[in-house]
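*Asks:* Order-wise, the sequence lines are chains A and B. Start counting at 1 in the first sequence, then tack on 1161, and there's your number in our numbering. Start counting at 1 in the second sequence, then tack on 45, and there's your number in our numbering.
Note that these hints are calculated values from the structure, not bench results. Wrong hints could be hidden among the right ones.
Coverage of chain A stretches by chain B, computed from C-beta distances (three or more under 8 Å per stretch; other residues unrestricted) [unchecked claim]:
#1 1167–1177
#2 1232–1240
#3 1249–1258
#4 1262–1269
We put the beta carbon where it would ideally sit given N, CA and C, even for glycine.
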Amino acid sequence: VLVGFATLVGFQLLGEIVARGSGLPVPGTVIGMFLLFVALAVRGKVPASLQKTSSSLLGVLPLLFVPATTGALLRWREVAGDALPVAVGVVASTWLAMAVTGLVFSRLIRDKEKTP
Amino acid sequence: MNSLSTLSREPLLWIALTVGLYLAAQRLQKALGGFALLNPVLIAGAILALFLGSTGIPLVDYDRGGQWIHFLLGPATVALAVPLFNRLHQIRQSLMPVLVSVAAGAVTAAGSAAGISRALGASATTVLSMTPKSVSTPIAIGVAEKIGADPGRTVLFVVVTGILGAMTGTGLFRLLGIRDRRAQGMALGVAAHGIGTSRAVEIGETEGAFASLAMGLTGLLTAVLLPFAVRLFR
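Based on the sequences and whatever the hints tell you, model everything.
*Replies:* Here is the structure:
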């Protein structure tokens, strides 16, 4: 498990170095994810320790968002004056984005998988 | 008593409280039939925010513990590469639909957020701060700074968007007849970034893999294109 964790932190560090060195506008963690993905693709399989660590980390993934959520919710006062447009805007645009993405993908994949 | 009161300025109490509240909220959700609306992240976060707000304990004190949990988000994001790799064959077969639906969804997210809040009379800064709300927090903050929005407000919109997507995603998919697991993952990843992706991982590995991919691509696209789009519309 420790080897798996070291792998993850190592790729995170690598991603952070790439992000800062290249000036790419993407966070180091996301670059680290893609680098690890490439490394796994080259290697051809997931080492057991990495599989174990990532399964347990991803199992508690929602918990890891709680501190950020707490901090964000404490900022509600800053938009209190715009409460209605903000509430409607957030809800409607989130549903629209999910609907458009899901429907476009379903449609394209159905067309693709129908034609051999 | 002095030694007891310093507990609020040490990590232990806050780590225990955060994990404890999350576990309690998760049990509650299960006990009440597993409704996605009873989102444990929202319940735990809201209770903590209410507690801090009512006691006047500063957020920096909470963060002494909170940052330990928050830190693990980094390695956990990297870990999303594993389900992504495990579903590589599925992704390879659907590259074109992935790219097109990410582009359509990302444009819809930013455009409708700005358009709707503007039409309803939100201030210009609020409208701008809404546009990066569908991407994960670090990207959203960077974009908000670049386009002259308020990063603080953006963070709030990002978090609320993510939780809302996680809460209502499955209901919306049922309503619209979106049954394909890959499509559900895509929708959660594009519209609701990491929090939506964590929900997708919960639903299944296929959903999680497509959500991770969608989240990464949406972040990249938004970070690169949104600053140009904002300049164009101004």
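*Asks:* Against this structure, judge whether each hint is valid.
*Replies:* Evaluated hints:
Coverage of the region 1167–1177 of chain A by chain B holds. Counting CB-CB distances below 8 Å, 5 residues qualify, and the rule asks for three or more. With 8 residues bearing a CB less than 8 Å from a CB of chain B, the region 1232–1240 of chain A meets the requirement of three and the coverage assertion stands. Under the rule that three or more residues need a Cβ within less than 8 Å of chain B, the assignment of the region 1249–1258 of chain A holds, with 10 such residues. With 7 residues carrying a beta carbon less than 8 Å from a beta carbon of chain B, the region 1262–1269 of chain A meets the three-residue requirement, and the given coverage holds.
Going through the hint list in order, the structure satisfies each hint without exception.
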